[in-house]
Every structure is written in C-alpha cells, then in structure tokens.
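Order-wise, the sequence lines are chains A and B.
So the first sequence is numbered by the working numbering: it starts at 1 and just counts up by one.
So the second sequence is numbered by the working numbering: it starts at 167 and just counts up by one.
Check each hint, because a few of them may be wrong.
No more than 27 Å apart at the CA atoms, straight line, and that leaves these computed lysine-lysine pairs for DSS-like [said to hold, decoys possible]:
hint: 1; chain 1: B; residue 1: K729; chain 2: B; residue 2: K661
hint: 2; chain 1: B; residue 1: K392; chain 2: A; residue 2: K83
hint: 3; chain 1: B; residue 1: K707; chain 2: B; residue 2: K455
hint: 4; chain 1: B; residue 1: K599; chain 2: A; residue 2: K85
hint: 5; chain 1: B; residue 1: K721; chain 2: B; residue 2: K711
hint: 6; chain 1: B; residue 1: K713; chain 2: B; residue 2: K663
hint: 7; chain 1: B; residue 1: K707; chain 2: B; residue 2: K728
hint: 8; chain 1: B; residue 1: K454; chain 2: A; residue 2: K65
hint: 9; chain 1: B; residue 1: K392; chain 2: B; residue 2: K721
hint: 10; chain 1: B; residue 1: K599; chain 2: A; residue 2: K83
hint: 11; chain 1: B; residue 1: K663; chain 2: B; residue 2: K454
hint: 12; chain 1: A; residue 1: K85; chain 2: B; residue 2: K392
hint: 13; chain 1: B; residue 1: K392; chain 2: B; residue 2: K454
hint: 14; chain 1: B; residue 1: K663; chain 2: B; residue 2: K723
hint: 15; chain 1: B; residue 1: K729; chain 2: A; residue 2: K62
hint: 16; chain 1: B; residue 1: K720; chain 2: A; residue 2: K62
hint: 17; chain 1: A; residue 1: K62; chain 2: B; residue 2: K415
hint: 18; chain 1: B; residue 1: K723; chain 2: A; residue 2: K127
hint: 19; chain 1: B; residue 1: K720; chain 2: B; residue 2: K707
A partial selection of chain B residues facing chain A, derived with a Cβ cut-off under 8 Å [as the list claims (entries may be wrong)]:
hint: 20; residue: G219
hint: 21; residue: F553
hint: 22; residue: R556
The hints are simulated quantities; they were obtained by calculation from the structure and are not laboratory data.
Idealized CB from N, CA, C, for every residue including glycine.
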Amino acid sequence: MIRARQDLCVAIFLLMFCSVMLWASYDIRDLGYPGLKPETWPRFLLILLSGLSALYLIRSLKSLKNPEAPSEDAAAHLGFWSKYKNAVWCFALFFLFLFSLDYIGMLIGGMLFVFSQLTVLGEFTRKNIILHSIVAIISVGLMWLIFTYSLRVHLPAGEIFAAWQV
Amino acid sequence: MWDIILQASNNILFDPNTLLLMGIGVIAGLLTGAIPGFTIAMGVVLTLPFTFGMSATQGVATMIGVFVGGLSGGLMSGMLTGIPGTPSSVATTFDGFPMARNGKPGLALGLGVWSSFFGGIISAILLVALAPQLAVLGLEFGPWDYFSLILFSLTITASLSGKALLKGMIAGILGLFFATAGEDPINGMARFDFGWDPLLQGFAFLPVLIGLFAFSQLLSDIEDSKQARRPLLEKSMSAARIEHRQAIKMIFARWGNLIRSSLIGVFTGVLPAAGSSISNILAYDQAKKAAPDDNTFGSGDPDGIIAPEAANNATAGGSLITMMALGIPGDVVTAVMIGALMIHDIVPGPSFISDQPVLAYSVFIAFFLAHFMMVGTQALTLRLFLFATRSPMYILAAIILAYCSIGVFSLHNVQFDMWVMLGFGVVGYTLRKLGFPLAPMILGVVLGQIAELNLSRALSISDDMTLFLSRPWSLFFLILAIFSFSFPWYQEAIKLKRQWASYFIPFAMTGLALPLFLMQGSIRPILAVGLIFAALFIFWKTWKKNKLEKIRSKKDKNLNEKKT
Chain A
1 MIRARQDLCV
11 AIFLLMFCSV
21 MLWASYDIRD
31 LGYPGLKPET
41 WPRFLLILLS
51 GLSALYLIRS
61 LKSLKNPEAP
71 SEDAAAHLGF
81 WSKYKNAVWC
91 FALFFLFLFS
101 LDYIGMLIGG
111 MLFVFSQLTV
121 LGEFTRKNII
131 LHSIVAIISV
141 GLMWLIFTYS
151 LRVHLPAGEI
161 FAAWQV
Chain B
167 MWDIILQASN
177 NILFDPNTLL
187 LMGIGVIAGL
197 LTGAIPGFTI
207 AMGVVLTLPF
217 TFGMSATQGV
227 ATMIGVFVGG
237 LSGGLMSGML
247 TGIPGTPSSV
257 ATTFDGFPMA
267 RNGKPGLALG
277 LGVWSSFFGG
287 IISAILLVAL
297 APQLAVLGLE
307 FGPWDYFSLI
317 LFSLTITASL
327 SGKALLKGMI
337 AGILGLFFAT
347 AGEDPINGMA
357 RFDFGWDPLL
367 QGFAFLPVLI
377 GLFAFSQLLS
387 DIEDSKQARR
397 PLLEKSMSAA
407 RIEHRQAIKM
417 IFARWGNLIR
427 SSLIGVFTGV
437 LPAAGSSISN
447 ILAYDQAKKA
457 APDDNTFGSG
467 DPDGIIAPEA
477 ANNATAGGSL
487 ITMMALGIPG
497 DVVTAVMIGA
507 LMIHDIVPGP
517 SFISDQPVLA
527 YSVFIAFFLA
537 HFMMVGTQAL
547 TLRLFLFATR
557 SPMYILAAII
567 LAYCSIGVFS
577 LHNVQFDMWV
587 MLGFGVVGYT
597 LRKLGFPLAP
607 MILGVVLGQI
617 AELNLSRALS
627 ISDDMTLFLS
637 RPWSLFFLIL
647 AIFSFSFPWY
657 QEAIKLKRQW
667 ASYFIPFAMT
677 GLALPLFLMQ
687 GSIRPILAVG
697 LIFAALFIFW
707 KTWKKNKLEK
717 IRSKKDKNLN
727 EKKT
C-alpha cells in the first residue's frame, strides 16, 4: 500500500516533469536546417516518458485499489526521518560544503566536511572527535596534495586564503 | 601489424609508469571487490578522476586493472566470511565458504584465484580473436543500424530489470533525456538551459555518473547508523596461505567446466548490460546440471568455485568485445571506460580498432597482463583486505565522498560539476529507494548523444523512415529489441507453464533469420537457413511434446470421469 502510494506520487511527479520540459522544449530555437531538428529528439523522449509515466500511474492506481496486492518492501519505508536521517545529513553537509567552497576553499572546506560528516555519522565522544579530526586532516590533506602537486589541478583556494596570500 | 603490437607493448609492458599504475589499479580493484558494499563499478568510477592526467593508454590500462582486480577480489570476503564482496561473486560463496569452513581456506582461495585467472585468459584470447572481426562487421553499420543497436541495448538493459521492467524503461529514457540538456550536438542550439549559462554546457558524464552511482551507493551503505559504525566485517578472519599447485591441478582436471563457464561468461559479457552478476550464477547453475552427482554442490565442491569465478572474469573480456568493436558498453564498467576515452577525445565505435590500433592492442595486452598481476598481488591484497575491513563504513564513506567531490571538480575545474554531482546524487538515491534500477539510466546517459547523432545522420541522408526496417542490420537489431523487450513476459510465462512460451525461442530464431537472408554474401543467408531449420526442429519437438501432454491429460480426465 505504501509502495503503491509512493509510486502514485512518483508517477504524478514524472508527468508534471514531462509537461514542464515539453513546454520548455518550445523555447528551443530551430535554425531550419534539414535533418533532425534540435527539439525533435528531446520531445520524442518526453512523449515516450509521458506515456510510460501514464502507464505507471494507472498501475499504481490499480494497486491502490487492490490493497491485497503484495506491497514490496513496504515496511522499509516507514519512519522517514529515522531511516533517511543519515542520507539527509550527508546531503545537507555536502550542500554547505559546496556553498562555502568559494570562501574557505577545498582544503579547509574538505577537512571541515569530512570532520562534520564523521561526527554526525559516528558517535559524539571525545575519543571519536580526536580520531575524526586526524582522519579528516590526513585524508583530505593527502588528496589535496596529490591533486594539486601530482595531477596539477587548481583546486579552489577560497577567498580567505586568497586574501591571506595577498 | 607487428609495428602496432610492438608499439602497444612499449606503451604497456615496457613503460614502468603504466606498469606501476596498473599494479595499483589491480590492488585497488581487488580491495574494492573484496569489501562488501563497494562494487567494481564504483571502483572504476572512483579511478576515473585520476586518469585525466594520464594518457589514454595509461588511463584505460589502469581502469582495466581495477576491473580485473575487482572481479577477482569478491571471492576473498565470500570465501572467508560467507559475505560476497560483489554481486559477481555471489555463487562463489555457495561452495567457497563451506570449503574454507571445512579447513581448506587455502585451497578454496587457490581455486578461486586460478579459475579467475584461466577464465580471464580464455576471454582475453576470445577478445583478441573476436573484437577485430566484430569491428569489421560493425563497419557495415550505417546510422540507421547503429541507432537500432542502441535501441536494442537499452531494451535489454530495461528487460534485465526483472519485475521492474516499466521502471527500468522509465530510468533508461530519463537517462537519454538528461543527455539532451545543453547545446545540441548537431546545430549547437541551446536546450533546456532556462537562460542559465552553466546549463548550456549540459551535464558532464562523470559528475552524473558519480552522483547517480557512487554517491547514492555510499548513502545507502550508511543508512543504518549502528551498521555504519561497526567494522566492515566483524567475523574473525585469518590470512590463509593460498594453495596454488593443488588448485591448478584440480582446475586442469575439470577443464570442461572451466571452458564451459568461461564461454558462458564471455557470452553474457557480449550482451549489452548483462554483467558478471548474472554470469556467475548462470555458470554455477550449468556446472551443477552437468555434474554427475550434484549433491556435493553447496558443501564445498571445487566445481562450484571454478564455474562462477571463471565466468565472472570471462565476462570482462566479453563486455570489452562489445565496447571495442561497436562502442556499446557491455555493463556499467565499460560505460565508464567509454566516458574515460571520450575525455581523451576518443570515441569508441566500429572504427575504433582501425582508427586507434595502438590503443586497441594496448587494451588487449593490458587485459592479459592484469590477470597475471591479479594472481601476483592476491596474497598481499589479502592482508590489506583484512586491515581495511577493520574500519567502519562511515569513515570510508566520508573520505570517499570528499574524494568524489575533488575528482569531479578536477574534470573541468568548475564548481558547477560538483553541484551536478550533488543533484544526481539526490536523484540516484531517491530512484534507488523507489525501486528504479540505475543501470538503464547510466547507459541512457552514455548512449543518449550517440543515439541522437546517428538518428540525425540517418535523417540527413534520407527522410525515409522505412530504411530502419528495410536495412538488414537495423531490422536485425529491431527484432532483437522486440524479443529482448518481451523477455520478462516470456520468463513469467515459463514459470506459469503457458503454452506460448515454448514457441518463443523458435519464433525469435525465425524472426532473426529474415534480416540475415537480406544480408550480402553467402555465409549469412546460409546461417539464416540453419536458423530456420533449427527453429522448425524446436517447433516440431515442442508441438509434439504439447500434443502428447494434451493426450495424456485427456486420458487422465477420462479415467477420472470413469472412476467417478
């Protein structure tokens, strides 16, 4: 039942996504050259996707009407926060890491990201905090050194470091 | 020819840098394969950022090292703990674990390692022999045929999603659609950029792949806090001494099983999207059926180790055949390799072997060499594996996520790619949780532009759509696509013992004979005749069997009626 409801929501979302994208496909300019027009292929895919999403919607509606239908892995989807807490934390921390990258750079940002993620996912004890700090400094520091000096990639230094360098 | 082989050997065998990179790749692959929760595809994806600074040869050779190492690494944890390191070594645990538990861990590991080696070498020989031949066939392909081939690859990927066929198809089309964002490959017109400049470049392949695959996989691994905080493997293990000599003797005594399983592996690998996770179980099943006494299976039978391990390594050779000859990825790993080659401005396709002969032969040599390296580094990796499994998953996940972000940034030196990775990480994780298979989506992203380019080329040459049906190769792939698409229903019908299911294979054979008849030369029409005769034979046999069953059931019915 829970999976059927989820499927219904996903099908509706997919149909909405297709509608928005189909509408956006009318903004694609056509230069009038012969052959495949720039909007034809994506529009064809969107129409196909809409058809399949409609089928998906019908299926999920059918399984909603039929409560005896086997609900695959339904129990696993109970308790959203307790189940997906770690994933949400990871996404949030990664978002913050990317957001702060311009200011604090890859080296410090990366270390802070690894440290905060380890602390959120692991247990919050004094011993762990020391361990997490060491792991964060060594792992990100090593990666930073390899990419900067061995692979010659210019990783973002961050405004703080840039000001310090000046 | 010899010049090319010499040049390729120089690039691989006599270049210490390449040898070192390959060695590191093999060890990394063995570890990735051995650690439960990590997959080979993830190992290859994570290797990709390091290959940007390398030459195309070094990059592909390193990835082949990881690929081969990963396929062989899964057996370590499977045999020592009963938990397979990767899906490709699931069947290995059926007999490997009991044999190790019965006091023969060294022999079990030896059988696994050497079966992997011999399976890989057999597939490498087939790769060298078949890929150039298949590429010659591929040169006959026009854009119509190539487009139909991509369609077939996508349908087979979706059909392998099992019960989630609809979800597999949706995922595949979503992948194709995501590949359309940015400038269109023909006229350079902006599509779905919503007036935002970074989107004009579209989604780069690597951030999409890492987001969809690695990001979502890592998050799935750390979902359960308690589990994530425990060491990867809590069961006590000790490094066993691998018994090489006895294992080789036992394998040679069972050469039939080795060759059969290797061929199953190669065949599975050649099919687009059917990877080693399928071949190892198929080979195990066939070994069990072929054994004079299958009662020993499941309790430490050597055949039960040889079959899956030979098959899973042989799958790598099979998928490389399709990648090199046709430019179609055999699985997610070869999809990543295609992405890596594209970064070096090399587009695999039917002309790949003739256009880039040195690189092609370097791949052949690297594939052979990787197997020798795998055997040589097993003992060392076994100790590293025991060390690595003491750390908890959440520590590895956090470090790998940081590494992913640096790797993705290093692709184009733009932060937008990191945002793309995050976005696709959310998409991948959500889809995974909702039961959508990710493999069709990844193949869709890889094949999207190639499909559009070929469709465009086809329509530029002629706007006659019937060419898709009248050109033999195109028709051949379309018929294959129809049958692969209906394959899940066929499987279902077999389970339900529906009568039409018994006619599915002869119908497919007859259908495929039609385009073969239309092809030039004499061999293919002869093959078509052979196919029709074989189909007629199966059809007649099935019809006879069905008729007999009908008569029997009628008799039973009459008897029952008389009794009542």
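Right, here's what the structure says about each hint:
Between B:K729 and B:K661 the alpha-carbon distance is near 32 Å, which puts this suggested pair outside the 27 Å criterion. Distance restraint check for B:K392 and A:K83: the Cα-Cα separation of roughly 12 Å lies within the 27 Å cut-off, and the hinted pair is therefore satisfied. Under the criterion of a C-alpha separation no larger than 27 Å, the hint pairing B:K707 with B:K455 is consistent with the structure, at around 22 Å. Proposed proximity of B:K599 and A:K85 is supported: the alpha carbons are some 14 Å apart, at most 27 Å.
Taking the CA atoms of B:K721 and B:K711, the gap is about 15 Å. The hint holds against a cut of 27 Å. Taking the CA atoms of B:K713 and B:K663, the gap is about 15 Å. The hint holds against a cut of 27 Å. Taken as a hint, the B:K707 and B:K728 pair is broken in the structure, with Cα atoms around 31 Å apart against an allowance of 27 Å. Restraint check for B:K454 and A:K65: the C-alpha separation of about 44 Å exceeds 27 Å, so the hint is violated.
Among the hinted pairs, B:K392 with B:K721 is inconsistent with the structure: their alpha-carbon atoms are about 62 Å apart, more than 27 Å. The suggested pairing of B:K599 with A:K83 holds, with an alpha-carbon distance near 11 Å, which does not exceed 27 Å. The hinted pair formed by B:K663 and B:K454 meets the criterion: a straight-line CA distance of about 23 Å does not exceed 27 Å. Between A:K85 and B:K392, the direct Cα distance comes to roughly 13 Å. Compliance with the 27 Å bound is thereby established for this hinted pair.
A distance of roughly 39 Å separates the Cα atoms of B:K392 and B:K454; the hinted pair therefore is violated under the 27 Å criterion. The straight-line distance between the Cα atoms of B:K663 and B:K723 is roughly 19 Å, inside the 27 Å bound, and the hint therefore holds. Between the alpha carbons of B:K729 and A:K62 the distance comes to roughly 44 Å, so the proposed pair goes past 27 Å and is violated. A hinted pair counts as satisfied when its Cα atoms are at most 27 Å apart, and B:K720 with A:K62 does not qualify at roughly 38 Å.
Distance hint between A:K62 and B:K415 is unfulfilled; the C-alpha atoms sit about 58 Å from each other, more than 27 Å. Under the criterion of a C-alpha separation no larger than 27 Å, the hint pairing B:K723 with A:K127 is inconsistent with the structure, at around 77 Å. Distance restraint check for B:K720 and B:K707: the Cα-Cα separation of roughly 20 Å lies within the 27 Å cut-off, and the hinted pair is therefore satisfied. The criterion of a C-beta within 8 Å of any C-beta in chain A is met by B:G219, whose closest approach is roughly 4 Å, and the hint holds.
Interface restraint check for B:F553: the shortest CB-CB distance to chain A comes to about 15 Å, outside 8 Å, so the restraint is violated. Interface hint status for B:R556: violated, as the beta-carbon distance to the closest one in chain A is roughly 13 Å, over 8 Å.
Going down the numbered hints, you'll see the structure goes against 1, 7, 8, 9, 13, 15, 16, 17, 18, 21, 22, while the others check out.
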